[in-house]
Amino acid sequence: MTQAPERYIGGGVPRKEDPALVTGRANWTDNIKLPGMLHVSLLRSPYAHAKITSIDVSAAREQPGVVAAFTGDDLAEDWDKNPQANPAAVTGYGMSLDQRVRQAQEGGESSVTDTPETTGEQPVDEKTRTFVSWIPTDDTKIPNHWPVARDEVNYAGDIVAVVVATDRYKAQDALEFIEVDYEPMEPVVDVEAAVADGAPLVHEDIGTNESFTWTLATGDIDDAFNRADVTIKERYLQQRLIPNAIETRGVVANPDAITGGYTVYSSTQIPHILKYVLAVYCDVPEQQLRVVAPDVGGGFGSKLNVYAEEVIALVLARKLGVPIKWIEDRSENYLATIHGRGQVQDIELAATSEGKILGMRVNLLADMGAYLMLDGPGIPILGAFVYPGVYTFDAYDFSVTGVFTNMTPTDAYRGAGRPEACFAIERIIEALAREVGLDPVEVRRRNFYEPFDEPTDTPAGIQYDSMNMPMVLDRVLELADYEGLLEEQRRRRESGDPVQLGIGFSTYTEICGLAPSQVLAGLRTGGSGWETAKVQMLASGKVEVITGTSPHGQGHVTSWSQIAADALGVDVNDVEILHGDTALSPYGRDTYGSRSLPVGGVSVHLAAQQVVDKARKISAHMLEAAEGDMEFEGGRFSVAGSPDQNVTIQDVAAAAYMNYDLPEGMEPVLSEEVFWDPPNFTFPFGAHICVTEVDTETGFVKIRDYFGVDDCGPVINPIIVDGQLHGGIAQGVAQALYEEAIYDEEGNLTTGSMVDYLIPGAPELPKYTLERTVTPSPTNVMGVKGVGEAGTIGAPPAVINSVVDALSPYGITHIDMPASPWKVWQAIQDAQGQEAGTRDADLSGRPSQAADSTDTEGGTDS
Amino acid sequence: MRRIQMTVDGRAHVAEVEPRLLLLHHLRENLGIGGVHTGCNTTSCGACTVHIDGESVKSCTVLAVQADGHEVTTVRGIMENGLWHPMQQAFHEAHGLQCGYCTPGMIMASISLLKENPDATEQEIREGLEGNLCRCTGYENIVKAVQLVQQHTNGQPA
Numbered sequence: 001m002t003q004a005p006e007r008y009i010g011g012g013v014p015r016k017e018d019p020a021l022v023t024g025r026a027n028w029t030d031n032i033k034l035p036g037m038l039h040v041s042l043l044r045s046p047y048a049h050a051k052i053t054s055i056d057v058s059a060a061r062e063q064p065g066v067v068a069a070f071t072g073d074d075l076a077e078d079w080d081k082n083p084q085a086n087p088a089a090v091t092g093y094g095m096s097l098d099q100r101v102r103q104a105q106e107g108g109e110s111s112v113t114d115t116p117e118t119t120g121e122q123p124v125d126e127k128t129r130t131f132v133s134w135i136p137t138d139d140t141k142i143p144n145h146w147p148v149a150r151d152e153v154n155y156a157g158d159i160v161a162v163v164v165a166t167d168r169y170k171a172q173d174a175l176e177f178i179e180v181d182y183e184p185m186e187p188v189v190d191v192e193a194a195v196a197d198g199a200p201l202v203h204e205d206i207g208t209n210e211s212f213t214w215t216l217a218t219g220d221i222d223d224a225f226n227r228a229d230v231t232i233k234e235r236y237l238q239q240r241l242i243p244n245a246i247e248t249r250g251v252v253a254n255p256d257a258i259t260g261g262y263t264v265y266s267s268t269q270i271p272h273i274l275k276y277v278l279a280v281y282c283d284v285p286e287q288q289l290r291v292v293a294p295d296v297g298g299g300f301g302s303k304l305n306v307y308a309e310e311v312i313a314l315v316l317a318r319k320l321g322v323p324i325k326w327i328e329d330r331s332e333n334y335l336a337t338i339h340g341r342g343q344v345q346d347i348e349l350a351a352t353s354e355g356k357i358l359g360m361r362v363n364l365l366a367d368m369g370a371y372l373m374l375d376g377p378g379i380p381i382l383g384a385f386v387y388p389g390v391y392t393f394d395a396y397d398f399s400v401t402g403v404f405t406n407m408t409p410t411d412a413y414r415g416a417g418r419p420e421a422c423f424a425i426e427r428i429i430e431a432l433a434r435e436v437g438l439d440p441v442e443v444r445r446r447n448f449y450e451p452f453d454e455p456t457d458t459p460a461g462i463q464y465d466s467m468n469m470p471m472v473l474d475r476v477l478e479l480a481d482y483e484g485l486l487e488e489q490r491r492r493r494e495s496g497d498p499v500q501l502g503i504g505f506s507t508y509t510e511i512c513g514l515a516p517s518q519v520l521a522g523l524r525t526g527g528s529g530w531e532t533a534k535v536q537m538l539a540s541g542k543v544e545v546i547t548g549t550s551p552h553g554q555g556h557v558t559s560w561s562q563i564a565a566d567a568l569g570v571d572v573n574d575v576e577i578l579h580g581d582t583a584l585s586p587y588g589r590d591t592y593g594s595r596s597l598p599v600g601g602v603s604v605h606l607a608a609q610q611v612v613d614k615a616r617k618i619s620a621h622m623l624e625a626a627e628g629d630m631e632f633e634g635g636r637f638s639v640a641g642s643p644d645q646n647v648t649i650q651d652v653a654a655a656a657y658m659n660y661d662l663p664e665g666m667e668p669v670l671s672e673e674v675f676w677d678p679p680n681f682t683f684p685f686g687a688h689i690c691v692t693e694v695d696t697e698t699g700f701v702k703i704r705d706y707f708g709v710d711d712c713g714p715v716i717n718p719i720i721v722d723g724q725l726h727g728g729i730a731q732g733v734a735q736a737l738y739e740e741a742i743y744d745e746e747g748n749l750t751t752g753s754m755v756d757y758l759i760p761g762a763p764e765l766p767k768y769t770l771e772r773t774v775t776p777s778p779t780n781v782m783g784v785k786g787v788g789e790a791g792t793i794g795a796p797p798a799v800i801n802s803v804v805d806a807l808s809p810y811g812i813t814h815i816d817m818p819a820s821p822w823k824v825w826q827a828i829q830d831a832q833g834q835e836a837g838t839r840d841a842d843l844s845g846r847p848s849q850a851a852d853s854t855d856t857e858g859g860t861d862s
Numbered sequence: 001m002r003r004i005q006m007t008v009d010g011r012a013h014v015a016e017v018e019p020r021l022l023l024l025h026h027l028r029e030n031l032g033i034g035g036v037h038t039g040c041n042t043t044s045c046g047a048c049t050v051h052i053d054g055e056s057v058k059s060c061t062v063l064a065v066q067a068d069g070h071e072v073t074t075v076r077g078i079m080e081n082g083l084w085h086p087m088q089q090a091f092h093e094a095h096g097l098q099c100g101y102c103t104p105g106m107i108m109a110s111i112s113l114l115k116e117n118p119d120a121t122e123q124e125i126r127e128g129l130e131g132n133l134c135r136c137t138g139y140e141n142i143v144k145a146v147q148l149v150q151q152h153t154n155g156q157p158a
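So the protein lines, in turn, are chains A and B. Take the first sequence: its position 218, counting from 1, is numbered 218 in my numbering, and each next residue is one higher. Take the second sequence: its position 21, counting from 1, is numbered 21 in my numbering, and each next residue is one higher.
Because the hints were derived from the structure by calculation, they are not lab data. This list has only true hints and no planted wrong ones.
Once the Cα atoms are required to be at most 16 Å apart in a straight line, the calculated EDC-like pairs of lysine to aspartate or glutamate come out as:
1) Lys617/A x Asp651/A
2) Lys767/A x Glu127/B
3) Lys767/A x Glu124/B
4) Lys617/A x Glu633/A
5) Lys319/A x Asp256/A
6) Lys170/A x Glu18/B
7) Lys542/A x Glu576/A
8) Lys16/A x Glu93/B
9) Lys702/A x Glu127/B
10) Lys170/A x Glu29/B
11) Lys51/A x Asp151/A
12) Lys542/A x Asp571/A
13) Lys767/A x Glu122/B
14) Lys33/A x Glu29/B
Label-pair restraints from in silico Cβ distances:
15) Thr42/B x Asp167/A: 18 to 24 Å
16) Glu179/A x Asn30/B: 29 to 35 Å
17) Gly484/A x Thr43/B: 42 to 48 Å
18) Asn30/B x Leu320/A: 23 to 29 Å
19) Gly11/A x Ala15/B: 47 to 53 Å
20) Asn30/B x Ser753/A: 24 to 30 Å
21) Glu62/A x Thr43/B: 29 to 35 Å
22) Tyr587/A x Asp119/B: 50 to 56 Å
23) Glu18/B x Leu201/A: 42 to 48 Å
24) Thr42/B x Asp205/A: 37 to 43 Å
25) Asp744/A x Pro118/B: 43 to 49 Å
26) Leu486/A x Asp119/B: 34 to 40 Å
27) Pro64/A x Ala12/B: 27 to 33 Å
28) His152/B x Trp822/A: 42 to 48 Å
Yeah, the Cβ is synthetic: ideal placement off N, Cα and C, and Gly gets one too.
When you get a sec, could you build the whole thing from the sequences and use the hints?
Structure below.
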């Protein structure tokens with residue numbers, strides 16, 4: 001019998017996930033091989049926008065090893081096996097589009113246009129097919145999104161035909177024999193051009209490239225700007241990013257001969273959500289569908305979706321009656337897995353001459369790409385709630401317009417709306433510091449919240465849970481030796497050192513713990529935000545925890561084991577965490593949005609506590625003592641004052657299992673299940689300082705040091721939390737300095753490989769110097785906040801502020817991301833030219849505006 | 001089809017393969033070694049790194065026929081006497097992995113790196129691993145893992 005000598009929470013328990021991973025024994029989707037399994041390859045459109053005038057797959061069908069080949073028309077009926085019984089149009093999880101449209105119409109005030117007729121028996125062709133769940137407004141325009149395109153392709157990468165063969169090489173070979181005639185149409189490859197008058201339309205039937213406009217307003221924004229001593233207006237660009245999980249996507253769909261249903265294995269973050277959407281989209285009874293997320297090799301939001309390929313695999317398994325496998329190529333991953341970011345941000349501040357913010361206006365154009373994906377429209381809306389950042393003021397006015405373009409659809413990428421927001425506020429606060437002549441540290445201090453530990457109203461109309469910004473900022477200033485850095489910077493400036501020192505700040509918060517379901521309903525996300533856990537003690541005294549979260553690198557198996565082991569007083573190795581299989585855990589809301597610990601981990605804690613509560617009753621019965629006299633410590637129940645009278649929780653588990661002698665009316669076994677819906681989000685916060693050395697002769701930026709003081713509440717496993725921060729900061733640095741998805745005028749992705757898209761390697765990234773403070777959240781009993789996206793949110797403005805700081809002697813006030821050597825060098829040349837009077841003063845410090853269009857079109861900096 | 005023979009993780013394998021078959025796919029599909037991971041198929045990410053005759057090689061950059069007659073070692077073949085290789089142990093101890101998909105390739109590249117340069121500095125370790133991409137860790141703990149092996153082996157006969 002193992003007894004836990006000490007608490008595990010807060011300790012660096014080595015990961016239980018690692019043994020399979022370091023020995024090459026993990027179970028990835030691509031490792032699944034089933035008898036009779038066939039392989040799918042997909043022909044994708046080379047055009048960003050074109051009509052399909054003819055398509056012929058007959059020659060492909062004749063190729064060696066090919067079992068079948070299909071066009072979009074061939075499969076048109078297959079998405080709707082029984083179109084009269086089920087609404088074909090799915091808006092994701094929760095409600096069909098038909099239901100939503102009906103509800104909106106019955107509501108009376110909305111005018112729903114451009115949506116299909118929804119009553120009666122519609123022909124299959126006229127229903128709207130979509131994967132989108134988050135529909136921000138009643139009049140959101142939702143384009144048809146066929147898994148396999150039929151008449152028209154809308155981005156380079158749209159699927160046009162499917163080949164099924166006995167192995168992947170043969171399936172791939174046969175793609176060459178598919179003949180497609182395209183009639184190219186003018187593409188829209190710029191979000192601003194898309195909303196200009198006379199722009200070509202991505203979806204002509206919709207009649208506009210604007211999918212929706214969503215707004216949020218608090219306070220009297222006009223009054224704030226009227227009262228202001230200073231107003232500042234900036235434009236920032238959030239380049240498109242490509243998530244690039246090292247394991248690409250993949251899916252295996254297996255018809256189950258016993259149940260008549262299907263098992264779908266997918267490299268996904270969301271087996272539960274996927275199950276529901278697949279069931280409705282493909283008209284498979286949900287109770288006959290099982291979805292398994294095996295080991296998943298990274299996600300970062302890119303596997304938080306329902307993709308055409310998952311639908312295709314399931315439908316082909318049904319059509320052909322054999323297991324179907326599709327594994328994404330890396331080149332497909334660049335084209336056909338969602339992209340992130342893609343926003344044009346116009347932001348204005350109203351402030352006093354003392355640097356106190358009075359109000360903020362934000363107007364966004366958000367690039368949706370060619371179609372609306374699961375949560376695509378919601379990403380900028382998540383950001384809307386944190387544009388005010390860690391600053392308190394009176395008036396806020398936010399608006400976002402979601403725009404269709406002929407590019408890969410966008411959706412959640414690590415941070416999802418919040419890095420964009422943090423970047424904008426943390427950049428414009430620097431502009432405010434310049435404008436009013438304050439140190440960037442001081443201007444931040446003047447706008448911080450007073451430290452608080454109970455929910456506090458914010459300008460965005462939500463409540464932050466707890467925050468202490470002065471504490472983290474003070475500590476990071478000490479850690480980085482700010483005074484020493486300023487001194488070094490002064491020396492370098494005075495000596496005209498070609499390598500200048502930059503000191504960049506970011507003080508951030510983020511929204512974690514998605515989410516209170518009622519808030520999600522108010523935001524029209526189409527999803528719910530609870531989480532579930534079941535904790536069961538087996539006859540042998542060992543513990544199984546079934547969680548609804550779906551880890552793919554976050555270490556839930558270890559962290560959840562620590563939580564359960566501490567609550568139950570058992571050895572951490574006596575706990576097994578079961579996840580990622582809807583047959584095992586029928587319910588769950590999966591893993592994204594830094595939600596797993598503050599919602600799922602808390603559920604584990606609550607369920608384990610319920611197990612202890614029941615065990616306490618049984619232990620009292622076993623020892624013939626009063627329940628109120630039972631003490632529980634280290635996995636042992638003892639009678640107060642008589643420590644010799646005791647039983648272990650394992651003894652209790654055995655007794656509960658046997659059911660020979662339990663208290664009157666008590667059910668057997670120790671097994672408790674909890675469904676927990678959080679009352680609020682959680683809001684980690686922190687302060688980062690990025691120290692750069694900028695070579696003014698080459699434009700090369702080197703991150704010399706990166707300091708962070710982060711507060712995510714109490715930490716379950718410091719090793720894992722550090723790792724999350726390292727990886728998060730790395731992805732933030734990557735956005736700031738290296739990565740950008742670039743399209744040419746024809747809509748070709750010119751950064752469509754790992755050679756052309758600069759994912760940083762080990763030499764490009766710095767060492768991180770990190771510390772933590774602990775401010776518990778009042779949102780949950782554990783006080784935990786979550787940490788998955790903190791680094792990605794905090795880092796980009798710290799890096800860019802640092803680069804701009806290094807170049808401030810040149811009068812440079814902005815560099816667009818990624819701050820490549822070319823861009824930095826060009827900014828210096830422009831600034832020097834301007835000093836010599838050769839440049840228009842209007843371009844002062846705004847290379848973004850000057851270089852904007854040429855960047856997008858030429859991509860000369862990559 | 002070509003008949004090839006190679007030793008993989010100490011076991012001899014004979015197979016008939018198409019000349020175009022990548023070694024990566026031979027190892028995964030024909031020999032069932034799921035511990036060699038496909039990341040890009042274009043020699044960019046390093047997830048498929050194995051050793052051929054003790055040298056680190058990205059197995060997507062080699063045809064199976066080119067490995068004919070050679071000795072291939074994957075992450076599954078580096079344990080000795082049932083114990084993890086020190087590099088496997090170090091990745092675990094230093095939390096040098098999160099999702100773990102790059103890990104087998106990263107471990108094989110790291111073993112090779114220290115074999116060639118046992119006293120590699122931090123910068124040399126970073127540069128030595130630049131052909132292996134990790135999206136989760138930010139590399140810091142991967143570098144620490146390699147340094148941990150250096151510390152363990154310091155003072156010991158090579």
